Amino acid sequence: MIFLDSAATTLQKPPAVARAVAQAMGTLASPGRGGYPAAAQAAETVFRCRETAARLFGAAGPEQVVLTTSATHGLNIAIRSLAKNGGRAVISGYEHNAVTRTLSSLPEVQVDVARGRLFHPEELIAEFARLLPGADFAVCCHVSNVFGYILPLEEIAGLCKTYGVPLVVDAAQSAGTVPLNMEALGAAYLAMPGHKGLYGPQGTGLLLCALGVEPLPLLTGGTGSNSKLQEMPDFLPDRLEAGTHNVPGAAGLTAGMEFVQSLGMERIGAREQALRRQLVRALREIPDLYPIESPRPELQSGVVSLVSKTHDVEALGNALGSRGICVRAGYHCAPLAHESGGTLTTGTVRVSFSAFNRGWEARRLAEALADVTGRSNS
Amino acid sequence: MIYYLIVCKSLTYAQRTEAALERSGIGAHILRSPQQLSDSGCSHCVKIAQRSLTTALTVLKRAGLTPTRVFITESDGSYREVAL
Chain D
0 MIFLDSAATT LQKPPAVARA VAQAMGTLAS PGRGGYPAAA QAAETVFRCR ETAARLFGAA
60 GPEQVVLTTS ATHGLNIAIR SLAKNGGRAV ISGYEHNAVT RTLSSLPEVQ VDVARGRLFH
120 PEELIAEFAR LLPGADFAVC CHVSNVFGYI LPLEEIAGLC KTYGVPLVVD AAQSAGTVPL
180 NMEALGAAYL AMPGHKGLYG PQGTGLLLCA LGVEPLPLLT GGTGSNSKLQ EMPDFLPDRL
240 EAGTHNVPGA AGLTAGMEFV QSLGMERIGA REQALRRQLV RALREIPDLY PIESPRPELQ
300 SGVVSLVSKT HDVEALGNAL GSRGICVRAG YHCAPLAHES GGTLTTGTVR VSFSAFNRGW
360 EARRLAEALA DVTGRSNS
Chain F
0 MIYYLIVCKS LTYAQRTEAA LERSGIGAHI LRSPQQLSDS GCSHCVKIAQ RSLTTALTVL
60 KRAGLTPTRV FITESDGSYR EVAL
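Taken in sequence, the protein lines are chains D and F. Under numbering that gives the first Met the number 0, the first residue of the first sequence carries the number 0, and numbering increases by one thereafter. Under numbering that gives the first Met the number 0, the first residue of the second sequence carries the number 0, and numbering increases by one thereafter.
Worth flagging that the hints you see were computed from the coordinates, not collected in a lab. All values derive from a computational prediction rather than experimental measurement. Please note that the accuracy of each hint is not assured.
What the hints assert, rightly or not - Covered, in the sense of this in silico footprint (three residues per stretch, anywhere, with C-beta under 8 Å from a C-beta of chain D), are these stretches of chain F:
(1) 6-13
(2) 26-34
(3) 38-51
Just so you know, even glycine gets a beta-carbon here, dropped at the ideal spot from N, CA and C.
Let the hints inform the model, and build the full structure from the sequences given.
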């Protein structure tokens, strides 16, 4: 099997991740719920996960790192905390349904979309500059999950600072491949999954909160603290972490983040971009296919979408699947991004690399696509 | 044995407190707070030796980790709050 759907989840993980999960399942109890060694060791495990994430992404401290089940979970907390009746949000035209559906469920919030053509960051910056004054908050993905477009986040964050607008960053596609520092950005919230570029288990995620934010809990319940009170604690991370922690998940996520730290995000990102460029070069030899690549390579991560002149994208995805090549076809839960990128009527086949992919896999994919489409220049 | 209990607002703060003290060479250990020390229910505290309190408070102030409350054990096993 050749796995090229790491924008959905990184199926191939460092062996240390599974070992950490198994060890946690066999030895650790619930953090904060007991004074015995298995509970204390569980607490240490979760704390180490917070510390590692805080270091990796520039959070103010481990208590500002909230364990979630996914980036979507974190985005829901952040957006619902900042939304208010009659308020206004500005989002980029490349947001995922995790953002757009959440905002749609809040009809009292007006949503303005900062639009800009694909791989034209200056257009996006101009739109944010136009729309941000007077907004209550902004949401922006760091990297588009459909096109791998690396958005001009630093510039957008700078504009948010200028206009005093809290910024929520969706780092679902960048965490682990594109360096990101929360403090330097001045973002209010930074949401990310644990199971993609951080190589943790599925069902893990992180929400990093800036000092001074006042998040609203999405869930209420036991936290192992302030138990006599019926209100959720007013301090992080307890305020946002009702219920038993996913301790095996935290253990695995820490191992995944340590793997990323050991290789370096820049190195991982550069490798994935090189694989993407190699693939696109090969795909350009197949006349039926149109890979959507940025003319400026630095604006695109290790993700590339492609469309076919004659084949339905789902049919292509299925044909590749039957050849043991795993890619994703369709709309990738991001119709707004397709609208911005001009692929709303067709969808795309998306190829996304991870640190575990090799050049021969890109070659095999290109050969398979030439075979499936029945055409090749060579 | 006489010791101090530094009550922290959360387990995570207790963990940060323990780590900061250990880094400064002060032996510290996280415990669940005795119920009599916690007005609002379950909490965590950090146990340190009697001789370490002054240095510990300096270290914690430097690290921005202000303790919620500090207690000292009495000879009868009860706790007395220490004015900070």
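*In terms of beta carbon proximity below 8 Å, does the region 26-34 of chain F have 3 or more residues touching chain D?*
Check passed, 3 qualifying residues.
*Take the region 38-51 of chain F, compare each residue's beta carbon with every beta carbon of chain D, and decide whether three or more fall closer than 8 Å.*
holds (count 6)
*Quick one: see if chain D covers the region 6-13 of chain F, three-plus residues with Cβ-Cβ under 8 Å.*
Result for this restraint: holds, n = 5.
In terms of the numbered hints stated before, the structure departs from none.
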